[in-house]
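Number of protein chains: 2
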Amino acid sequence: MYVTQRIFAGFMRFQLEIVDAKSSARAGTIHTDHGKIETPIFMPVGTAGSVKAVHQRELMDDVNAEIILGNTYHLYLRPGLELLQKAGGLHKFTGWTRPILTDSGGYQVYSLAGNRKITTDGVIFKSHIDGSKHHFTPEGVMDIQRRIGADIIMAFDECTPYPCEYTYAKNSMDLTHKWLTKCVNRVRETESLYEYDQVLFPIVQGSVYHDLREQSATFIAAQDQPGNAIGGLSVGEPHEEMYAMTSLVCSVLPADKPRYLMGVGTPENILECISLGIDMFDCVMPTRNARNGMLFTTQGVINIRNEKWKDDLSPIDAELGGYASTFYSKAYLRHLIINKEILGAQIASIHNLTFYLWLVKEARRHIQDGDFATWKNTMVKRVSHRI
Amino acid sequence: MYVTQRIFAGFMRFQLEIVDAKSSARAGTIHTDHGKIETPIFMPVGTAGSVKAVHQRELMDDVNAEIILGNTYHLYLRPGLELLQKAGGLHKFTGWTRPILTDSGGYQVYSLAGNRKITTDGVIFKSHIDGSKHHFTPEGVMDIQRRIGADIIMAFDECTPYPCEYTYAKNSMDLTHKWLTKCVNRVRETESLYEYDQVLFPIVQGSVYHDLREQSATFIAAQDQPGNAIGGLSVGEPHEEMYAMTSLVCSVLPADKPRYLMGVGTPENILECISLGIDMFDCVMPTRNARNGMLFTTQGVINIRNEKWKDDLSPIDAELGGYASTFYSKAYLRHLIINKEILGAQIASIHNLTFYLWLVKEARRHIQDGDFATWKNTMVKRVSHRI
Numbered sequence: 000m001y002v003t004q005r006i007f008a009g010f011m012r013f014q015l016e017i018v019d020a021k022s023s024a025r026a027g028t029i030h031t032d033h034g035k036i037e038t039p040i041f042m043p044v045g046t047a048g049s050v051k052a053v054h055q056r057e058l059m060d061d062v063n064a065e066i067i068l069g070n071t072y073h074l075y076l077r078p079g080l081e082l083l084q085k086a087g088g089l090h091k092f093t094g095w096t097r098p099i100l101t102d103s104g105g106y107q108v109y110s111l112a113g114n115r116k117i118t119t120d121g122v123i124f125k126s127h128i129d130g131s132k133h134h135f136t137p138e139g140v141m142d143i144q145r146r147i148g149a150d151i152i153m154a155f156d157e158c159t160p161y162p163c164e165y166t167y168a169k170n171s172m173d174l175t176h177k178w179l180t181k182c183v184n185r186v187r188e189t190e191s192l193y194e195y196d197q198v199l200f201p202i203v204q205g206s207v208y209h210d211l212r213e214q215s216a217t218f219i220a221a222q223d224q225p226g227n228a229i230g231g232l233s234v235g236e237p238h239e240e241m242y243a244m245t246s247l248v249c250s251v252l253p254a255d256k257p258r259y260l261m262g263v264g265t266p267e268n269i270l271e272c273i274s275l276g277i278d279m280f281d282c283v284m285p286t287r288n289a290r291n292g293m294l295f296t297t298q299g300v301i302n303i304r305n306e307k308w309k310d311d312l313s314p315i316d317a318e319l320g321g322y323a324s325t326f327y328s329k330a331y332l333r334h335l336i337i338n339k340e341i342l343g344a345q346i347a348s349i350h351n352l353t354f355y356l357w358l359v360k361e362a363r364r365h366i367q368d369g370d371f372a373t374w375k376n377t378m379v380k381r382v383s384h385r386i
Numbered sequence: 000m001y002v003t004q005r006i007f008a009g010f011m012r013f014q015l016e017i018v019d020a021k022s023s024a025r026a027g028t029i030h031t032d033h034g035k036i037e038t039p040i041f042m043p044v045g046t047a048g049s050v051k052a053v054h055q056r057e058l059m060d061d062v063n064a065e066i067i068l069g070n071t072y073h074l075y076l077r078p079g080l081e082l083l084q085k086a087g088g089l090h091k092f093t094g095w096t097r098p099i100l101t102d103s104g105g106y107q108v109y110s111l112a113g114n115r116k117i118t119t120d121g122v123i124f125k126s127h128i129d130g131s132k133h134h135f136t137p138e139g140v141m142d143i144q145r146r147i148g149a150d151i152i153m154a155f156d157e158c159t160p161y162p163c164e165y166t167y168a169k170n171s172m173d174l175t176h177k178w179l180t181k182c183v184n185r186v187r188e189t190e191s192l193y194e195y196d197q198v199l200f201p202i203v204q205g206s207v208y209h210d211l212r213e214q215s216a217t218f219i220a221a222q223d224q225p226g227n228a229i230g231g232l233s234v235g236e237p238h239e240e241m242y243a244m245t246s247l248v249c250s251v252l253p254a255d256k257p258r259y260l261m262g263v264g265t266p267e268n269i270l271e272c273i274s275l276g277i278d279m280f281d282c283v284m285p286t287r288n289a290r291n292g293m294l295f296t297t298q299g300v301i302n303i304r305n306e307k308w309k310d311d312l313s314p315i316d317a318e319l320g321g322y323a324s325t326f327y328s329k330a331y332l333r334h335l336i337i338n339k340e341i342l343g344a345q346i347a348s349i350h351n352l353t354f355y356l357w358l359v360k361e362a363r364r365h366i367q368d369g370d371f372a373t374w375k376n377t378m379v380k381r382v383s384h385r386i
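Residue numbers (numbering that gives the first Met the number 0), protein chains in the order written: chain G, 0 to 386; chain A, 0 to 386.
Please keep in mind that the hints were generated in silico from the structure rather than gathered at the bench. Ideal Cβ placement from N, Cα and C applies to all residues, glycine included. Don't take each hint at face value.
Cβ-Cβ distance ranges computed for the label pairs, FRET-style [to be verified]:
(1) A/L111 with G/Q298: 40 to 46 Å
(2) G/T28 with A/K339: 52 to 58 Å
(3) G/E188 with A/L312: 25 to 31 Å
(4) G/N376 with A/H30: 45 to 51 Å
(5) G/R381 with A/G299: 28 to 34 Å
(6) G/T28 with A/G320: 35 to 41 Å
(7) G/T28 with A/D32: 49 to 55 Å
(8) A/R381 with G/A317: 46 to 52 Å
(9) A/T373 with G/S313: 43 to 49 Å
(10) G/L192 with A/K21: 46 to 52 Å
(11) G/R287 with A/A112: 35 to 41 Å
(12) G/E239 with A/K132: 51 to 57 Å
(13) A/R381 with G/K116: 50 to 56 Å
Let the sequences and hints guide you as you build the complete structure.
Here it is, written out as structure tokens:
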């Protein structure tokens, strides 16, 4: 068992290629059995085995996604582990052949206010679908993620809300660390069920308290896993707090492993956190906001429902390029979104994801070219601007 | 003006290529300024400028649609004629470059029970969107369809419900004929607003009464328009009545012009009516039923929500071919449809439309090969069969 684990561990590796001279931004490459991921990277969220309104081939060829995220909570409930395992894992079930990361389900479970109870063992919760009772434990969630079969699996943690009392944050962090030991052991003792490697990323918690974040980052770094994540941010705190915590944690986490900031965020958040040393991001914003008609473009943020776009027959985003953003006009997309046509959600989702992937690829290019810091300051203003 | 009309009339022509020896099935080609349409053909319905859940390039490259339908009522209300005209017509607004046919809006208006009033001049109705009052007249609807810019525009008729008293059916037919004269004159007196030809198809009415249908078909044929349509069927009457009326009307309408049976129907209906001499069909069934999980396949009809498909990891329809039907499995599609994932509607819509287009192309091939009648009888059983 131990030997197998060591062989597997060799398959995923991170090459840190360059660190920006004027910031902490980095460019690197993560190698997985499902292909490479060039960082910094954004991961579209494919909640229940589908990035909403986007075909798999569109994710590959139009959006240029290199890795997508799946939600353990949703996948566990539906379609369920039995079917996923029968299919040979989530890749084969969905037809997505590039890397996948699954969260641990914790975040969704804590959101079930009134329908979940946290104990030292784990969380007991009721399904939002049929009210059935379930029990998530650190070991159980590792087994679940083994069966789902993502390339990168996440530790089972408690994500504290914001604001959060110091004592609650400290106790919660201690629980997260205790659970982490169980997760690490469980992953070490088990094997991938499929023909490829799976690696565990532990998660730094500690709310917005400097000493807790430092303590947690030190504990997480000591686990020596192939990558590390920062959780408990982007939960309502001011951006300054998010950046301060991210910067602090990045200074503690090892430089030679990828750093994943969970659930972040706006284009501005992403650029700022790349600057602080983050390599991986995920967020529902590009797809969720797309369905409501909010577009992120190379020229700024657009609410396509606004009257001002009514007869604008220019492409959605000529500079961005790609089918969805150049074939369809703003006026046509506005018409579709206002009339709740499914095609509106499809076009806007592809567009926003294409923009997010373009943004991180541009960041990578400027890190490589050595002008990231100045480019970032210009770009933050441009992409945050409402037009 | 007269000269221009004659030049335009030359652009759309129908070549009748072959008539089946053992049935009235025909194969032909309609030439329009937006390309040719090989008949028999099925036209996907793009209600408000979008075939629901399907990208334009998917309609072209996956579904192989040769012509799509737009609904005048919906397009008139939203996005409205001003924007459509500013865009240069519906083709340019949507990016669809192949032929388009628009209905006259009549069918939708009559469905607004309690919110419309039929007079000898036309119909006064209230918008289902904002309750605003509108007046459709035969001349007005021709002008509206000029502004929308479809290649084939439909006469403004009254579509009688089923069942329908003889007297009502007769009076309604007389009104439809009176309106038709106005439509024909209006189209003759006006020009296309764009750089391509538009032609008018008159519509045979007469409910399920043989003498009325014969009388109406004779009147419609006498208009000598480039194509003819049969309306007022597929409104709830038994299939035998539909087939009897279709057969009767086809025997009166000229053979050298395309015949369009409006709003039909199931795969079985389509095959039977091809056999009776129909060249063109449209129906919301493939897309509407797709969104509810009902699939038309080469092996029969599937309700993908059924438990029996739960862990069927085989392609949706391997024999049909194409991306949506072979890349995704039944179990995956079932999961998406049950979880109301937009991608489920997308996959099922592409699949069903691909099937419908495959079906009419197969019919065409068998007409050309001379074995249509026997093929049709086998195929009707196969595609109607619930599996």
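Hints versus structure:
1. A/L111 with G/Q298: 40 to 46 Å: Hint holds: Cβ distance 41 Å, inside 40 to 46 Å.
2. G/T28 with A/K339: 52 to 58 Å: violated, 37 Å
3. G/E188 with A/L312: 25 to 31 Å: Given range 25 to 31 Å: holds, Cβ gap about 30 Å.
4. G/N376 with A/H30: 45 to 51 Å: With a Cβ separation near 58 Å, G/N376 and A/H30 fall outside 45 to 51 Å, so the hint is violated.
5. G/R381 with A/G299: 28 to 34 Å: Violated, at about 55 Å.
6. G/T28 with A/G320: 35 to 41 Å: With a Cβ separation near 37 Å, G/T28 and A/G320 satisfy 35 to 41 Å, so the hint holds.
7. G/T28 with A/D32: 49 to 55 Å: holds, 52 Å
8. A/R381 with G/A317: 46 to 52 Å: holds, 48 Å
9. A/T373 with G/S313: 43 to 49 Å: Violated, since A/T373 and G/S313 (Cβ atoms, about 55 Å apart) do not stay within the stated range.
10. G/L192 with A/K21: 46 to 52 Å: Once the Cβ atoms are compared, 58 Å apart, the range 46 to 52 Å for A/K21 and G/L192 is violated.
11. G/R287 with A/A112: 35 to 41 Å: holds, 37 Å
12. G/E239 with A/K132: 51 to 57 Å: The hint (51 to 57 Å, Cβ to Cβ) holds, given that G/E239 and A/K132 are roughly 55 Å apart.
13. A/R381 with G/K116: 50 to 56 Å: Since A/R381 and G/K116 have Cβ atoms about 55 Å apart, the given range 50 to 56 Å holds.
When held up to the earlier numbered hints, the structure conflicts with 2, 4, 5, 9, 10 and fits the remainder.
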